[in-house]
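Peer 1: Sequence:
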Amino acid sequence: MTDHKKGRPLRRRSVLKALAAGVGALAAPSLIHHSIRRAHAAPGTIRMMGGPTVALKDWSQFEKDTGLKMEFTSFNVDDVGALYNEILANDAGERFDLINTLAGVQKPMVKQGQVAQLDTSRLKNYAGIADSVKRSPVLYAGDDKDWAVPLYYNADSFGYYPEKLGLARPPEALNWDILLNNEKTLGKASIDGDNIALMIGGMYLKDRKLAEIADPANMTASEVKTAADYMIERKKAGQFRNLWKTYDEQIANFVNGEVLVQRCWEPAVKDVKGRGQDVEYATCSDFHINWMHATSIPVQAAARENLEEIYRALDWFLGGSYAAELAVLRGYTGSRMDLGLEYAKAAGWPADKIAAVEANITKVKTKFLNPNFWIGGAPDDLAAHDAEMARFRNA
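Start counting the sequence shown at 1; every next residue gets the next number (the UniProt record's numbering).
No wet-lab data here; the hints were simulated from the structure.
Treat the hints with care, as some may be off.
Straight-line alpha carbon distances no greater than 25 Å define the calculated BS3-like cross-link-like pairs of lysine-lysine that follow [as the list claims (entries may be wrong)]:
{"no.": "1", "residue 1": "K235", "residue 2": "K164"}
{"no.": "2", "residue 1": "K225", "residue 2": "K209"}
{"no.": "3", "residue 1": "K134", "residue 2": "K365"}
{"no.": "4", "residue 1": "K69", "residue 2": "K57"}
{"no.": "5", "residue 1": "K164", "residue 2": "K273"}
{"no.": "6", "residue 1": "K273", "residue 2": "K353"}
{"no.": "7", "residue 1": "K353", "residue 2": "K365"}
{"no.": "8", "residue 1": "K365", "residue 2": "K270"}
{"no.": "9", "residue 1": "K184", "residue 2": "K164"}
{"no.": "10", "residue 1": "K363", "residue 2": "K270"}
{"no.": "11", "residue 1": "K236", "residue 2": "K184"}
{"no.": "12", "residue 1": "K270", "residue 2": "K184"}
{"no.": "13", "residue 1": "K124", "residue 2": "K145"}
{"no.": "14", "residue 1": "K363", "residue 2": "K134"}
{"no.": "15", "residue 1": "K235", "residue 2": "K184"}
{"no.": "16", "residue 1": "K164", "residue 2": "K270"}
{"no.": "17", "residue 1": "K57", "residue 2": "K345"}
{"no.": "18", "residue 1": "K245", "residue 2": "K57"}
{"no.": "19", "residue 1": "K363", "residue 2": "K353"}
{"no.": "20", "residue 1": "K270", "residue 2": "K57"}
{"no.": "21", "residue 1": "K111", "residue 2": "K134"}
{"no.": "22", "residue 1": "K236", "residue 2": "K225"}
{"no.": "23", "residue 1": "K235", "residue 2": "K245"}
{"no.": "24", "residue 1": "K345", "residue 2": "K363"}
{"no.": "25", "residue 1": "K273", "residue 2": "K363"}
Generate coordinates for the entire structure from the input sequences, incorporating the hints supplied.
Peer 2: Written out as structure tokens, the structure is:
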């Protein structure tokens with residue numbers, strides 16, 4: 001490719017930076033590039049970039065089952081601009097074999113040729129995944145092809161202190177007024193510091209029939225402005241103590257006692273409960289936030305000599321060991337929980353851990369009975385969402 005105006009070859013990096021600029025506002029990358037000296041991993045090692053809740057505390061079972069080493073780098077995958085910057089401008093595919101994202105985020109990458117089409121015949125555990133999961137609106141690109149593996153999913157809500165707020169415990173249902181519009185929680189609530197906050201605002205307005213919003217996860221410019229207006233109104237009323245950006249900030253909000261209710265990830269509640277805090281994760285009567293994590297093979301990795309190893313690692317994530325461990329560790333549902341339950345029983349796990357796996361399966365089935373909203377993290381008009389989020393953040 002040549003820049004005909006200047007008569008010199010265009011560098012791939014500059015082309016991708018231009019593409020990235022068209023996807024949405026870019027944030028500064030959060031990975032430390034100088035710590036990765038080789039372009040890709042040594043033979044027998046899988047490099048994976050993904051959200052912190054994807055990682056296990058111990059990869060020894062992965063290593064035992066696959067004969068591979070795992071080199072995992074955490075990334076805040078809910079920050080879509082930073083993720084696109086990492087992939088498009090900073091060549092993440094040159095450095096990683098697998099990239100994990102919030103499902104939906106991968107779709108623009110598919111269109112721009114950054115994601116390799118999956119050969120699902122090389123994934124023995126893939127066929128058993130429910131079609132409703134494989135063809136969910138955030139995973140399926142609508143072209144009858146498979147581009148990403150559904151890693152795990154959940155129906156999200158919020159964490160809260162039942163005793164301090166005088167509220168019931170799960171499975172008795174609460175509603176989103178507790179987080180967004182409640183005198184008891186005024187100044188003691190927290191919500192995402194990214195576009196998901198506006199999507200939640202859109203869900204609330206749609207559910208309450210307070211605004212005409214077709215799809216809260218993919219709002220038009222006028223719809224997202226309406227959602228932002230409502231969230232700014234609540235912010236100015238003093239509803240929110242702060243807006244969090246990271247998992248650690250979610251933990252700190254609960255531990256330091258400043259927040260009594262918080263839109264957060266379920267593992268944050270599990271973590272805080274493990275520290276002796278009386279926190280619960282709400283089951284809601286009005287709506288939940290459906291989401292999924294997906295993992296893709298970058299096009300650069302698909303051309304490398306370790307592709308067989310990459311598929312071996314990817315299939316392991318669809319197996320029973322990972323599903324069972326994740327259910328206990330994070331409270332999330334793997335795409336093959338049937339294999340997870342089989343694994344836990346066959347491995348002789350203690351009764352309480354097996355019960356936790358079973359409870360996880362039941363919990364997600366219950367939550368998915370509600371009218372739910374899927375979030376994909378990458379709305380069509382990402383620029384409008386970014387602009388409105390900046391307005392909400394700065395209000």
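Peer 1: Work down the list of hints and note, for each, if the structure agrees.
Peer 2: Comparing the hints with the structure gives:
Simply put, K235 and K164 have alpha-carbon atoms about 22 Å apart, close enough for the 25 Å limit, and the pair holds. Annotation: proposed proximity of K225 to K209 holds, straight-line Cα distance about 16 Å (limit 25 Å). Restraint check for K134 and K365: satisfied, since their Cα atoms lie roughly 16 Å apart, inside the 25 Å limit. Distance check on the hinted pair: K69 and K57 sit about 14 Å apart at the alpha-carbon level, within 25 Å; holds.
Between K164 and K273 the alpha-carbon distance is near 15 Å, which keeps this suggested pair within the 25 Å criterion. Only pairs whose Cα atoms come within 25 Å are accepted, and K273 paired with K353 is accepted, the gap being roughly 16 Å. Straight-line distance between C-alpha atoms of K353 and K365 comes to about 19 Å, which keeps the hinted pair within the 25 Å bound. For the proposed pair K365 and K270, the alpha carbon gap of about 19 Å is at most 25 Å, so the pair holds.
Note on K184 and K164: the hinted pairing holds, with a Cα-Cα distance of about 10 Å set against a maximum of 25 Å. Of the supplied pair hints, the one linking K363 and K270 holds, its CA atoms being roughly 15 Å apart against a limit of 25 Å. For the suggested pair K236 and K184, the alpha carbons sit about 16 Å apart, so the restraint of at most 25 Å is met. Distance hint between K270 and K184 is fulfilled; the C-alpha atoms sit about 24 Å from each other, no more than 25 Å.
Restraint check: the Cα-Cα separation between K124 and K145 comes to about 17 Å, which is no more than 25 Å; the hinted pair holds. Our distance criterion of 25 Å between C-alpha atoms is met by K363 and K134, whose separation comes to about 20 Å. Between K235 and K184 the alpha-carbon distance is near 15 Å, which keeps this suggested pair within the 25 Å criterion. The hinted pair formed by K164 and K270 meets the criterion: a straight-line CA distance of about 18 Å does not exceed 25 Å.
Proposed proximity of K57 and K345 is supported: the alpha carbons are some 21 Å apart, at most 25 Å. A hinted pair counts as satisfied when its Cα atoms are at most 25 Å apart, and K245 with K57 qualifies at roughly 22 Å. Between K363 and K353 the alpha-carbon distance is near 15 Å, which keeps this suggested pair within the 25 Å criterion. The suggested pairing of K270 with K57 holds, with an alpha-carbon distance near 14 Å, which does not exceed 25 Å.
Note on K111 and K134: the hinted pairing holds, with a Cα-Cα distance of about 19 Å set against a maximum of 25 Å. With a CA separation close to 16 Å, the supplied pair K236 and K225 stays within the 25 Å bound. For the suggested pair K235 and K245, the alpha carbons sit about 17 Å apart, so the restraint of at most 25 Å is met. Note on K345 and K363: the hinted pairing holds, with a Cα-Cα distance of about 19 Å set against a maximum of 25 Å.
With a CA separation close to 18 Å, the supplied pair K273 and K363 stays within the 25 Å bound.
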